[in-house]
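Quick mapping for you: the protein sequence lines, in order, are chains A and B.
Sequential numbering of the first sequence, starting at 312, is according to this note's numbering.
Sequential numbering of the second sequence, starting at -8, is according to this note's numbering.
Treat the hints as calculated values from the structure; they're not laboratory data.
Any given hint could turn out to be false.
[Unchecked claim] Below, a list of computed lysine-lysine pairs in the BS3-like style, where the Cα atoms sit at most 25 Å apart:
#1 K432/A with K72/B
#2 K230/B with K78/B
#3 K407/A with K465/A
#4 K20/B with K135/B
#5 K11/B with K314/A
#6 K429/A with K465/A
#7 K140/B with K78/B
#8 K282/B with K230/B
#9 K78/B with K429/A
#10 K78/B with K55/B
#11 K460/A with K407/A
#12 K314/A with K140/B
#13 K281/B with K314/A
#14 K135/B with K203/B
#15 K72/B with K429/A
#16 K(-7)/B with K20/B
#17 K78/B with K11/B
#18 K460/A with K429/A
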Amino acid sequence: MDKFPITVNVNGVRYDRAVEPRLLLSDFLRHDLCLTGTHVGCEHGICGACTILFDGEPVRSCLIFAVQANGHDIRTVESLGSTENLHPLQEAFHEKHALQCGFCTPGFLMTLIPFLEKHPKPTEEEIREAIDGNICRCTGYENIIQAVKLASEKMPR
Amino acid sequence: MKPVPFNYFAPTSVEEALDKLAELGYDGKILAGGQSLVPAMNFRMARPGALVDLNNIPELAYIKPTSEGGLAIGTMTRDSKVEHDPKVIEMFPLLGEVMPNIAHAQIRNRGTFGGSIAHADPAGQLPAISIALDANLFIQSKSKERWVKATDFFTGPFMTVLDPDDMLVEIVLPPHLPHTGSSYQQVSRQRGGYAQAAVASVVTLDDQNRCKEARVVLISVGDTPILSARAKEILVGQKPTAEAFKEVAQAIAANEIDPATDIHATADYRRHLVEVLVERSLTIAFDRAKKGV
Ligand SMILES: Cc1cc2nc3c(=O)[nH]c(=O)nc-3n(C[C@H](O)[C@H](O)[C@H](O)COP(=O)(O)OP(=O)(O)OC[C@H]3O[C@@H](n4cnc5c(N)ncnc54)[C@H](O)[C@@H]3O)c2cc1C
Ligand code: FES
Ligand code: FES
Chain A
312 MDKFPITVNV
322 NGVRYDRAVE
332 PRLLLSDFLR
342 HDLCLTGTHV
352 GCEHGICGAC
362 TILFDGEPVR
372 SCLIFAVQAN
382 GHDIRTVESL
392 GSTENLHPLQ
402 EAFHEKHALQ
412 CGFCTPGFLM
422 TLIPFLEKHP
432 KPTEEEIREA
442 IDGNICRCTG
452 YENIIQAVKL
462 ASEKMPR
Chain B
-8 MKPVPFNYFA
2 PTSVEEALDK
12 LAELGYDGKI
22 LAGGQSLVPA
32 MNFRMARPGA
42 LVDLNNIPEL
52 AYIKPTSEGG
62 LAIGTMTRDS
72 KVEHDPKVIE
82 MFPLLGEVMP
92 NIAHAQIRNR
102 GTFGGSIAHA
112 DPAGQLPAIS
122 IALDANLFIQ
132 SKSKERWVKA
142 TDFFTGPFMT
152 VLDPDDMLVE
162 IVLPPHLPHT
172 GSSYQQVSRQ
182 RGGYAQAAVA
192 SVVTLDDQNR
202 CKEARVVLIS
212 VGDTPILSAR
222 AKEILVGQKP
232 TAEAFKEVAQ
242 AIAANEIDPA
252 TDIHATADYR
262 RHLVEVLVER
272 SLTIAFDRAK
282 KGV
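Looking at chain B on its own, in the form it has when it is part of the complex:
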């Protein structure tokens, strides 16, 4: 037995789970897919006093259309469900590109869409994708409920606005505007391994083929996923050109990221990757926006 002893609760409804979380306070922790929490517990880096397991609450796993034409995803929807859902891939091709790169099939069978966002790993894909797709997050506790924009959700490495008794319940993805294109680019040592650096871009063109919106999000090069302000400043209102993409890539690599050095990549190498990947992802995303895919 690797983890320290803990108490275990398996509620069968959201209400019951929220009651339990309120009662446990700092002692309690949500167990979703367990694909990040259980390794941390096996290492004894995480030593929660009690786990509130959400795996017996079927009402938390769904993918359904919203009245605005987007999608609502229940927090306990497994990554593999999102990956293979034709509606998701049709409406948000970015997810179709990203999902197969998250860990391995065995882990995606268990890991959850919401768990990955709540975990807030700066090297994880879904926190960044939730920002790139401008997601709205529904959060509930026993005493309150609120909506938080993904852009305001992450506060530091593995840190979010969630309180100990809060549950991320639903992730709402607003529909893409017409003439929107996206692209995900990453470099990792091995398929399924965490990326040394990655970039997700979602761009929209207006009727005159000028850039109307540009969301460029950087992964694994700072404390949280980083939404580039410079990309917006340089691109919006302009015709997208190769020179502009280069300018954005250089501006981001020079000023907007704070990469670290580890055994797999130096900070300089990560900076280099970001410059190359931003340019590549903008080129592809604008091309797709023009073609309307």
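Isolated chain A, as found in the complex:
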């Protein structure tokens, strides 16, 4: 199959690559750009681990082809804090023990970043709805909800 040239902006960096049409955006990020923060669980849209921001909106990167990202703006978990300097949302996850294995965490974080921008003071009900598309198989959701509440207090508005 022919390869297609694409230009994608990921976390503020411009990448020019050539991709086969069947390459999923999740695999493009992980394998071609070596941005392995975006995790892949189910590859059919259920688990939410692969959630990224596509032009600012959270979407499943396993249900978009890399070729479709041509000309678009992508943000992944790598755009948040570093180990030395965590983003307030990451800090809150750390403090409230909102992760164990961490497999689901990038998807939760990328779902919650735009959510907290739109809902700086979310209710518990709103938080539960916001994370209904992300599955965590070890921590349980209670600590994640506590972390979101804490983050909403920490984050600058």
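Got chain A sorted already, so can you dock chain B with the ligands onto it with the hints?
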């Protein structure tokens, strides 16, 4: 890489897309939001030879008023756009109720209004809602164009009247008559999960508070969404009463549905759900019709 290799086309106009679909015939497939097609391709259940991606055609995404006072929705309008459009929710409260129940926010950001209807999943909400709201569907191919009523669109599970070179272009929702009320009721295991059974009702009262029209549509209990004939027979011309709602619910559950058993629900359980949900949705819809909301 999960899907089998395929060719990819990204037209920038409807005309260009229709040309490409005509040329590809059975080999080609439209890629809309990809929220149903891409999972099927990742499983290799779907193996299209070529995809015609509609995501670069801005003229297919819009919500605009019609001259009859209804709304026209372009097929590529994202579910999240419909969900958050104040005009949609004001004119069709049913959509306001339904949209947040379709999958999850991340999927609604990508999934499209028309794609969901064209996909014709008997467990999907929008095929049924298009029938409940008596939508008119505009379909185009390179060689022909036509209008099809949503009631005539679905022919089986994941099957519609669309030919391989056809594109669903626009969904037109006629305005509600005065004294119309609606209600959507579902039971699902988890928020955002497909419903084990669901019911959408749209009812209209006349000046004497008698039922003038009753559209009750059942989801996930047959090969296609089912528009109940019995609801109409029992209710139209009558004053709506709790006894009548019960009678409709029993008649539908006993005769008009054909639920299947799967790991999440038995056929009997689905039948039970339909009976409860029909009664509930009619009670609420008529109440809203009376209050004029
Ligand atoms: C985890 C998950 C949960 C979900 N839960 C629900 C749910 O609860 N309820 C629900 O209803 N849906 C659910 N969905 C499906 C989702 O709503 C899909 O977005 C929708 O069914 C298909 O829309 P799409 O735009 O993504 O279409 P695509 O996946 O791009 O296309 C679907 C099919 O329709 C055809 N098609 C698309 N547009 C056109 C057109 N304009 N003309 C002709 N043919 C066309 C395509 O060729 C393809 O065969 C879920 C999906 C996922 C991944
Ligand atoms: S890997 Fe994309 S949703 Fe699970
Ligand atoms: S922390 Fe392990 S799956 Fe969520």
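Agreement of K(-7)/B and K20/B with the hint, judged by alpha carbon distance not exceeding 25 Å: Holds, at roughly 18 Å.
Query raised in the report: If you draw a straight line from the CA of K282/B to the CA of K230/B, is it 25 Å or shorter?
Result: Status holds; Cα separation ~15 Å.
Discussion item. Against the 25 Å threshold, does the CA-CA distance of K432/A and K72/B hold or violate the hint?
Written reply: holds (23 Å)
Note to self: Given the hinted pair K407/A and K465/A, is their Cα-Cα distance within 25 Å?
What the structure shows: holds (13 Å)
Check whether the Cα positions of K20/B and K135/B lie no farther apart than 25 Å. holds (18 Å)
Taking 25 Å as the top limit, are the C-alpha atoms of K78/B and K11/B close enough?
violated (35 Å)
Can you confirm whether the C-alpha distance between K460/A and K407/A stays at or below 25 Å? Measuring from Cα to Cα gives roughly 10 Å; hence the hint holds.
Agreement of K460/A and K429/A with the hint, judged by alpha carbon distance not exceeding 25 Å: Status holds; Cα separation ~14 Å.
Exercise for review: Quickly compare the C-alpha distance for K230/B and K78/B to 25 Å and report which way the hint goes.
Suggested key: Answer violated: K230/B to K78/B is near 31 Å, above 25 Å.
Does K314/A sit within 25 Å of K281/B, going by the straight-line distance between their CA atoms?
With a Cα-Cα distance of about 60 Å, the restraint between K281/B and K314/A is violated, given a limit of 25 Å.
Is the hinted pair K429/A and K465/A satisfied, with a Cα-Cα distance of at most 25 Å? Given pair K429/A, K465/A holds - Cα atoms ~15 Å apart, limit 25 Å.
**OP:** Assess, step by step, whether the Cα of K314/A is no farther than 25 Å from the Cα of K140/B, and give holds or violated.
**Re:** violated (41 Å)
The structure fails hints 2, 12, 13, 14 and 17 (numbered hints given earlier, in ascending order).
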